[in-house]
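Given only the sequences and the hints, what does the whole structure look like? Please build it.
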Amino acid sequence: MTIKLSALVRSFRQIVGREFVHREPEVLATYESDGCVLMKARPDLVVLPNSTQEVAAIIQVCYEHKVPFVARGSGTGLSGGVLPMQGGVFIGMSRMNRILEINPDNRTATVETGVINAWLNREARSYNLFYAPDPSSQAACTLGGNIAENAGGIHCMKYGVTMDHILGLEIVTPEGDIVWVGGEHGYSDGTDWVGLFVGSEGTFGIATKAIVRLTPLPEKTKVFLAAFNRLEDSTDAVASIIASGLKPAALEFIDEFTVKAVNQAFDIGFPETSEAVLLVELDGSAQTVALDETRLLAILQSHSVSQLRMAEDEKERLKLWKARKGAVAAYGRILPAFYLHDCVIPRSELTHVLRQIQAIGEKYNVIIGNVFHAGDGNLHPNILLDPKDADMTKRVLDAGEEMLEVCLSVGGVLSGEHGIGIEKAHFMARQFSEAELDVMQRLKRVFDPAGLSNPEKIFPTRTGCGEIRKGLPEKILQTGAGWI
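For any residue, its number in our numbering is found by taking its place in the sequence shown, counting from 1, and adding 13.
Among the hints, erroneous ones may be present.
[To be verified] Cβ pair distances, simulated, as ranges: (1) S201 with T228: 19 to 25 Å; (2) E32 with L113: 20 to 26 Å; (3) I191 with H78: 18 to 24 Å; (4) A20 with E447: 38 to 44 Å.
Source of the hints: derived by calculation from the structure; they are not laboratory data. Note that CB positions come from ideal geometry on N, CA and C, so glycine has one too.
Laid out in structure tokens, this is it:
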């Protein structure tokens, strides 16, 4: 750094107040990891602003003294996307959590980006509206984090991902300027700056406010649980549902291991003798749902469904989705941590890739639970582990590497919604050419010429873009100085 830490502290205290600047080791420790506990790095300072103007003032100080900074919401990300790889300043957005306006006529909401996803839905429901993107971490994750990673969720098959619901953004640039891109109308002349910013993983600056699209609550919603004795029957059913032209609001896959874990944790009553379970949600007008239900049941029955039932009421529907979103929590009864991947593959390859994942689990003697967005081919293999067991951790990481290799080999991509972060940066040269990576990096430099905004993310940093790195970044396995 080109400035002493004590001088930074004084500057930031003048901006946000003494109580919202932290350098105490015990406080910094709470910010050293996101949802992937295998990667850790501590910031030098944590600053908690309460307004866009305070964010801008903080970044202006960072820019003047060439101090790197990272914005953080709730820390529920899973790719090391908010780790301060060069130290510097954490800008925590937790105080900027106000829903500023809900406009039912325009079906929009204006929010600060520290708002929790579920809070917005709670408020929107009183207007018979909802915000469609709903990650499994919905009860904890912030809109800002969703924007950074272009989060999806259970209902993205029908309603789309975060980018499809962001109309406008207030952004603080890496130089500390405040700009608006997009707007309440959702249109832009020329360059789609909103589309460029969403999913940029905090490398283009910090979004402080967002205008989001709200959607009318459907007249009718039905959820079906379909159990299959064979994995192949369940994945064939997924392919047939998509091929038929049906567009369920959600189409989720849960494997046998996860079914048992969820039953033990939440007493859901999922059928435990089945190799796979699908949760399928239909919504729309009563007439549309009735027609779609007839088509859906015929497809499921043609694929040897062994058990089929419908949620009888709203309470049971919510219970089923609670089980799906709580699957990761259920794993915690078996081992204390998990390593989760996020690759996306063609739906036609689901059976092949899932069998390969099973074989990889056996090869490395690790426990894997599969629960994912089947309708989009967005896989989420959860590899369970005890981080205190070094040998197990090494096997888990090696297994994860092979899973990514398999997904790419069938024409898949590295991430559907969790982002690249530092976790998969070394794989970017597998998916993209040197020329493609060069274009991406030049775009990053347009927004952030000094390289201060969430540095060392997305792109390979320890070798040239054309050279493929083997293994995860060394810092993930390093010990001491804040690294695990």
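Open item on the list: Between the beta carbons of E32 and L113, is the distance compatible with 20 to 26 Å?
Closed with: Between E32 and L113, where Cβ atoms are some 24 Å apart, the hint holds.
- [ ] Take a look at whether the Cβ-Cβ distance between S201 and T228 falls inside 19 to 25 Å.
- [x] Holds, at about 21 Å.
Open item on the list: For the hint 18 to 24 Å, verify it against the beta carbon of I191 and that of H78.
Closed with: 20 Å Cβ-Cβ, so the 18 to 24 Å window holds.
TODO: Determine whether the Cβ-Cβ distance between A20 and E447 falls within the hinted range of 38 to 44 Å.
DONE: 41 Å, holds
The structure is consistent with each of the numbered hints, conforming to all of them.
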